[in-house]
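The task is simple: from the sequences and hints, build the whole structure.
Numbering (the numbering used here) for the sequence shown: 718 to 950.
None of these hints come from the bench; they were simulated from the model. As the structure is a prediction and not an experimental result, all values here were calculated from the model. It is possible that some hints are incorrect.
What the hints assert, rightly or not - Dumping the calculated EDC-like pairs for lysine to aspartate or glutamate here, alpha-carbon to alpha-carbon at most 20 Å:
| hint | residue 1 | residue 2 |
| --- | --- | --- |
| 1 | 735 | 722 |
| 2 | 735 | 783 |
| 3 | 735 | 759 |
| 4 | 735 | 758 |
| 5 | 735 | 796 |
| 6 | 735 | 755 |
| 7 | 735 | 745 |
To be verified - The following label-pair restraints were derived from C-beta to C-beta distances:
| hint | residue 1 | residue 2 | range |
| --- | --- | --- | --- |
| 8 | 883 | 943 | 43 to 53 Å |
| 9 | 942 | 851 | 17 to 27 Å |
| 10 | 754 | 777 | 22 to 32 Å |
| 11 | 938 | 725 | 25 to 35 Å |
| 12 | 919 | 891 | 32 to 42 Å |
| 13 | 896 | 749 | 15 to 25 Å |
All residues carry an ideal CB built from backbone N, CA and C; glycine is no exception.
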Amino acid sequence: MRISELSRRSGVPMATIKYYRREGLLPEGRALNPTAVEYGEEHVQRLRLIRSLIQLGGLSVARTREVLDVVDRPLDAFETLGVVHHALPVPSAETNGKSGEDGPGAESAADEAVPGGAAARVEALIETMGWRISDASPHRPALAESLAALSRLGTDYTADDLVPYAQLATSTADLDFAQFEGIEDRIALAERAVVLTVLFEPVVRLLRRLAQEDANHRRHDRRACGRGEHPEE
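Rendered as structure tokens:
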């Protein structure tokens, strides 16, 4: 297919396709003659992943290039998912879902020096759960930062307090990874990881909000019944 059809199939403007090509994100097509280039299905798939990383994942072009360089290597699914997972922006209480130079690491470094601080609680939780978490994981300091922010508001969660939530998170993660079964193509795997982590995360949060609303109604009904009232159905 020519670049015009590639643009139509992928939904990416031709100017953007040329930009991605110049930046080394999109491989060159097959030259038909000095002025015509042919592209294939692999370019459509590659553009979908690029858009997922940049538009959904919020990665810079430079960071996207790094992720794509890794995806292009002959890695197994475990390594591919690990790279994508660590590359995506890390949500935290301080940054409201956006990462930055003064993000999770800066706060947790200061907090780690406090006896019984947030970083220590995170490590205790990981040990209690028996989780295998990389020392380089950006999610360790991000969780510590969020716990530290809660502490500054006078709300402290101990590692034991967090265990039931961590158990639910483990069940959710198992459901997530069940969706990777049978996907052998690394690009498709990386794209699926971005979709699950970025797009599906708000769905999980909203399901929790709906469940909280239902729990509030059930709690109200129990109290009403205790007072001899008859709550409306």
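Right, here's what the structure says about each hint:
1. 735 with 722: holds, 14 Å
2. 735 with 783: holds, 19 Å
3. 735 with 759: Holds - the C-alpha atoms of residue 759 and residue 735 are around 16 Å apart, at most 20 Å.
4. 735 with 758: holds, 17 Å
5. 735 with 796: Violated - the C-alpha atoms of residue 796 and residue 735 are around 30 Å apart, more than 20 Å.
6. 735 with 755: Satisfied, since the Cα-Cα distance of roughly 13 Å is no more than 20 Å.
7. 735 with 745: Given that 20 Å is the threshold and the Cα spacing comes to 10 Å, the pair holds.
8. 883 with 943: 43 to 53 Å: 33 Å Cβ-Cβ, so the 43 to 53 Å window is violated.
9. 942 with 851: 17 to 27 Å: violated, 50 Å
10. 754 with 777: 22 to 32 Å: Holds, at about 27 Å.
11. 938 with 725: 25 to 35 Å: violated, 55 Å
12. 919 with 891: 32 to 42 Å: Given about 20 Å between the Cβ atoms, the range is violated.
13. 896 with 749: 15 to 25 Å: Violated, since residue 896 and residue 749 (Cβ atoms, about 39 Å apart) do not stay within the stated range.
When held up to the earlier numbered hints, the structure conflicts with 5, 8, 9, 11, 12 and 13 and fits the remainder.
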